[in-house]
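Now that you have both chains on their own, put them together as the hints suggest.
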Amino acid sequence: MKIIEIKGLTKDYPLGTTTVHALRGIDLSIEKGQLLSIIGPSGSGKTTLLNVIGCIDSATKGSVSVAGKEITSMNDCQVTDLRLHHIGFIFQTFNLIPVLNTLENVEFPLLLMKKYSKTECRKKAEKFIDEVGLREHIRHRPAELSGGQRQRVAIARALVTNPDIILADEPTANLDSVTGAQILDLMKEINEKEKTTFIFSTHDLNVLKYAKDIVKIKDGLIEEASAS
Amino acid sequence: MSLIAKIAWRNIVRHKGKSIIIGVILFLGAFLMTIGNGVISGMNQGLKKNIVNSFTGDIVLVSEKQESDNVFLEFMGKAVEPINNYIDIREVLKTQDYIDKYIPVGKNMVMVLNEEGGMPGMTYVIGADMVRYNEIFPNTMIPVEGKLSDGISKSVIIPTGARKEMFDYSGIWFKPENETLDTANLPKEDGLDLSSIIVKDSVVFMGFNNDNTTSDIRLGIRGIVKYKALNTILGHFALMDIESYRTTLGYFSAENKTAPLSAEEKTLFSLENDGLDNLFSENGDEIADVEKTAVSENTDKFPASVELPRQTDVDAGVYNLVLIKLKNSDNLEKTVIKLNAVFKEKKLDVRAITWSKAMGTVGSMAKLIKGALFTFVMFLFFVAIIIIVNTLSMAAIERTTEIGMMRAVGARKGFIRLMFFGETGILSFVFGGIGIITGAIVIKIIGMLHFTTDNDMVQLLYGGDTFYPLLMAPDIILAIIQLALVTLIAVLYPIKVAGSITPLDAISRD
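Quick mapping for you: the protein sequence lines, in order, are chains A and B.
Just so you know, the working numbering puts 32 at position 19 of the first sequence, and the rest follows in order with no gaps.
Just so you know, the working numbering puts 105 at position 103 of the second sequence, and the rest follows in order with no gaps.
The shape of chain B in the complex, shown without the other chains (with noise of 0.2 Å):
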């Protein structure tokens, strides 16, 4: 072993030209596949952090009949489907071990009512118990104006860029309650009239659902915020209570259940079928029957007070998503079939989806911007792969004379191939080495830069606002075992060559 190395390591500085050029081939696929990775690296963090650790978790619960599982960020497509039975739901999500944390939360698509007669508006809102949606993303907004939400007032808080679009569709401007107009923060548009604005610090949200019936509600504005990261993305949705989202959206909540009901609205209540239909009958003595007996018989089924809603009773309500934070989401996609399967056994009518499906493409394109940094890496390897099988291949050829003789005195082909595995397995050590601790230096260095921007695409690649790659040491054995797997690529068909070579090629080349 220690003849091969040395004659592989005076054959490197013998055939300077060649090894430099397969050097700094294998010094810059090293080089750039560490920034690959710790671009990628980076990127995965930073979504993660971003999105699945600030808005979505790792997984989505959707219903069954929801049809697309771009939950999130269809636009104008159908509304999420409710989920009627997150009781049963959150039982089986307690007996999960692997789960770390989850919240139930309702997501739709609402217009924002214009009360000055203009266009009405839309916006995404999410409505959630905001304690418990508080504590599982916790620190992920910051107030720009006003408050954040403190988790019990009935009120919607206004990321800025559902601010803007609505400004854009209806002309208002909103503003928190009590505080005053903040004009350092009014649009900065050409030809914007400033005082034409119509500033509101109250919203009034109409919601609609596949059926096309409608609710509206007024809510008071109690504060505009800014999602540390990635704002522009996760800023379109308004929070709200989820008493409040279920108004709007026309779902039954809580506090209907708790309300009291007049006799005429117990009595409709109780109704069957029949008994509905008399109500359309002409005959109007009909209808007092009906009362009598629909009275005196379910007037009991109803509570005669208020009461605060409890959490059973809003666990007992309408939500359209659950998010799910796993302890470990390594194998995303694995947990994803596993929860599957138990919500399959227990018939309960939801499906799990990964945070990228349900962010739909927000998700896509993080995962093609990952796509395409892992093809240009790929790339990478195939470039240095192709030049270094083409000079190495050249100086097998060009050495025949030596090989050859090797092989007249007694060197097996193993032993040639060794020879030029050494050689070539040398220089990726070298070279690559220096790549490898480059790039990670480069990566520290740009780290420490704190590159940031407003732009969404440029965002997502650096998944988050400020770019900063990361090198861990998996991104780190990744590049060794990429450098080595190019190594063993590239000389794979050199080492044919030399080993192919005969005594009576080295002879006939005399």
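For reference, chain A alone in the conformation it holds in the complex (with noise of 0.2 Å):
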């Protein structure tokens, strides 16, 4: 099953008088369940890519849709719905809201969901802080948190409202080789466990051991996609 389908993508950004082209015609099918990595060199496209399949930015041209639906043609709210309905997002700079604990933090999407009862929304909350271990420190604020950890509370809280995609762009940028490794292990098990699509970019390339597929990305065109 298709949960991404890209066709004829691209992305232009105008730049003073020039116009720089980040995508310039991509053509990508992603299935459910895989896990997928999007390497480049820097300024490939590789984030620029990330960033349209995950709704944060728009297309210039061409058709993107993500878990059945186009996104093209939505406004505001319709992609920031999808967004909390189907993806989940982990940043390189981890990007927790400073003033909640890690419970809060993992607790925020689901409540903005109004799906669940605040009981629901803790227990959920608590199994997936459980998932990547940090019990111990669930009530602590990011600050009292090290990189990792931070990084752990972003991969719960992408996880915990059970969305169809988790883009994770650079995830292992700002980890030491060690923390890095482990939430690529992290990641790699809730794939095999969850079925969770995990579409991350990198361009570290031992971190491509963990893909089951890759997608190379050059100057904005699909330079090779190969499956492990």
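These are computed hints drawn from the structure, not numbers from a lab.
The beta-carbon is built from N, C-alpha and C at its ideal position, and this holds for glycine as well.
Please note that the accuracy of each hint is not assured.
Here are the computed distance ranges between Cβ atoms for each label pair [to be verified]: (1) A:127 x B:369: 50 to 56 Å; (2) A:160 x B:416: 28 to 34 Å; (3) A:152 x B:436: 29 to 35 Å; (4) A:156 x B:381: 39 to 45 Å; (5) B:416 x A:152: 25 to 31 Å; (6) A:190 x B:487: 53 to 59 Å; (7) B:19 x A:55: 33 to 39 Å; (8) A:127 x B:451: 54 to 60 Å; (9) B:416 x A:189: 36 to 42 Å; (10) A:140 x B:416: 28 to 34 Å; (11) B:487 x A:202: 53 to 59 Å.
Some chain B residues flagged as far from chain A (calculated, every beta-carbon gap over 12 Å) [what the hints assert, rightly or not]: (12) 25; (13) 76; (14) 102; (15) 167; (16) 174; (17) 179; (18) 189; (19) 198; (20) 230; (21) 331; (22) 440; (23) 452.
Derived DSS-like pairs (lysine-lysine); straight-line CA-CA distance at most 30 Å [to be verified]: (24) B:67 x B:96; (25) B:415 x A:128; (26) A:127 x B:415; (27) A:137 x B:415.
Given below as structure tokens:
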């Protein structure tokens, strides 16, 4: 089942009097449950591609379908709801809400969904905090956590809504190699267990061994797509 | 909602510096707005008590012919036009259920003749049925020398301000009849030779009107009085009985109506124009003929004996103003319009004006001071809004990553806007609330300190002699509304800024 389908995607950024062509015509299909890595050098367009898939950025041309919904014609509320219900994000810089503790950060998207009671939200959040091994730090705020722990909180937050897709932009870039490996192990484990689609971008070749599928991107075009 | 409140509160605590800056501005704004409202309210109450309730009433009726609305304090202007149909006006006023009390009065400027041959002085005079006047404006004056008006005797009571003015003009110092000179009250001016001061216990007024006809009257001085408040403004008006006033101004009085006339006077009154022309004829026979016919036809129109004037007769005479007190003066302007419509319908040739218009510059100054205070409060508003807008907008921009991330994980723009609004709302509630409470306490303390002044302008600001800012429930509600308005206006732009932050902005910032 195709969870993401991209056809003829281009993305241009005006930069002064010139235009930067970040994506020049991407065609890509991603099946549900894939653990896909988008690799490429800096400036190749991998972050832009993730942003468009994650409805964070809009396409200049082409069509992008996420979870069976065409996103290029959606308004702000629709894409926000799509992100909330179908996509989880893991950012390079963790991006947790500084005034909320671990439990509250993980609860946050559940509370936005207004689908579960407070008790249900708490139980679900605690379950995923346990899964990422942060039970002892449940009341700690981001400032009291290490980089690896923060990224684990981010993973728990991304997973808690049971999304179809988790997008991770260079999730290990700010972590040491050991912690980075632990995070990638965790992502792989969840992918296998929950059948959640993981798409992460990286330019670290050590990360590639965790990916089941690899898309190599260069100058805004897919150079190579391969399954491991 | 609890999530928004939780995040908002924790953000306030997290960004202590900015929160304190905004909080202090909100505190000061609310505090000064409360004080300002208290001063305006105290001034309103003071003016109402000391001018409306003591001197003018809420509404003043003037003749339709009266050009200027400034009927009380127009210095050396035209005489106030007479109202000749008070009885008809009275019948209309009786039917208006929103009117509490009313009294017709005469008001004009008269000359104070100097019997010593010096310069005559000038003073404003008010003529009224003093019994009714004291009922409508009770306990407004205190006697400094002599007594207050008893409402019966033909006499004048002179406020201290008017006495001083007359002294400055004529060099005559007036004191009440049958009273010894109170030297303690004599003017204390440098170089003034007290032994040379002429002291008199009666005053000769000479009226004048637009036709320059004049008559004069000597009135004994019953008392020298002082208004309990705003004496420097209200103390320019000498008060006398209405009949003396009419005589002074050359108006037809009730006594004129009841006084006996000689046969010759009766003849002259009864002459038509042709007959009057005959008086100036060179033919003496014609005068004799006129006398014969006129006397025989008209003598029965005039009473033969002296009668005390009745109230109806007094009311039938000439007045200049009717002072009206309303049951509720909240919608004064609307009431004036309503009353004027009634007068127009009844074709009564009078118009109603507000007390502030009738008081001319004093009313305008009162409005100006109120306006200035209001502008000051509005300026505080404006400054508070600018600073809060700036601080909050900066806070929104500084929190781009956090807000963008919230948007990325599914928070709608509305959530972000509510979060920002919540933060400002909590600050406004806490700091603004403390500001209002502190303002209320300060107003209470100021009221207890009894600051007094003799200065005219400051008296207007105080609404009387004593500075008594007043904070009532509507003022507190007004302060809360103003605070809410400041918060709402101040937060509009920052929430627009915060709402426009996208997840992409957060990533770009990273």
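Comparing the hints with the structure gives:
{"no.": "1", "hint": "A:127 x B:369: 50 to 56 Å", "verdict": "holds, 54 Å"}
{"no.": "2", "hint": "A:160 x B:416: 28 to 34 Å", "verdict": "holds, 33 Å"}
{"no.": "3", "hint": "A:152 x B:436: 29 to 35 Å", "verdict": "holds, 32 Å"}
{"no.": "4", "hint": "A:156 x B:381: 39 to 45 Å", "verdict": "holds, 42 Å"}
{"no.": "5", "hint": "B:416 x A:152: 25 to 31 Å", "verdict": "holds, 29 Å"}
{"no.": "6", "hint": "A:190 x B:487: 53 to 59 Å", "verdict": "holds, 57 Å"}
{"no.": "7", "hint": "B:19 x A:55: 33 to 39 Å", "verdict": "holds, 37 Å"}
{"no.": "8", "hint": "A:127 x B:451: 54 to 60 Å", "verdict": "holds, 56 Å"}
{"no.": "9", "hint": "B:416 x A:189: 36 to 42 Å", "verdict": "holds, 40 Å"}
{"no.": "10", "hint": "A:140 x B:416: 28 to 34 Å", "verdict": "holds, 29 Å"}
{"no.": "11", "hint": "B:487 x A:202: 53 to 59 Å", "verdict": "holds, 56 Å"}
{"no.": "12", "hint": "25", "verdict": "holds, 18 Å"}
{"no.": "13", "hint": "76", "verdict": "holds, 66 Å"}
{"no.": "14", "hint": "102", "verdict": "holds, 59 Å"}
{"no.": "15", "hint": "167", "verdict": "holds, 71 Å"}
{"no.": "16", "hint": "174", "verdict": "holds, 82 Å"}
{"no.": "17", "hint": "179", "verdict": "holds, 84 Å"}
{"no.": "18", "hint": "189", "verdict": "holds, 73 Å"}
{"no.": "19", "hint": "198", "verdict": "holds, 85 Å"}
{"no.": "20", "hint": "230", "verdict": "holds, 61 Å"}
{"no.": "21", "hint": "331", "verdict": "holds, 53 Å"}
{"no.": "22", "hint": "440", "verdict": "holds, 29 Å"}
{"no.": "23", "hint": "452", "verdict": "holds, 50 Å"}
{"no.": "24", "hint": "B:67 x B:96", "verdict": "holds, 23 Å"}
{"no.": "25", "hint": "B:415 x A:128", "verdict": "holds, 19 Å"}
{"no.": "26", "hint": "A:127 x B:415", "verdict": "holds, 16 Å"}
{"no.": "27", "hint": "A:137 x B:415", "verdict": "holds, 25 Å"}
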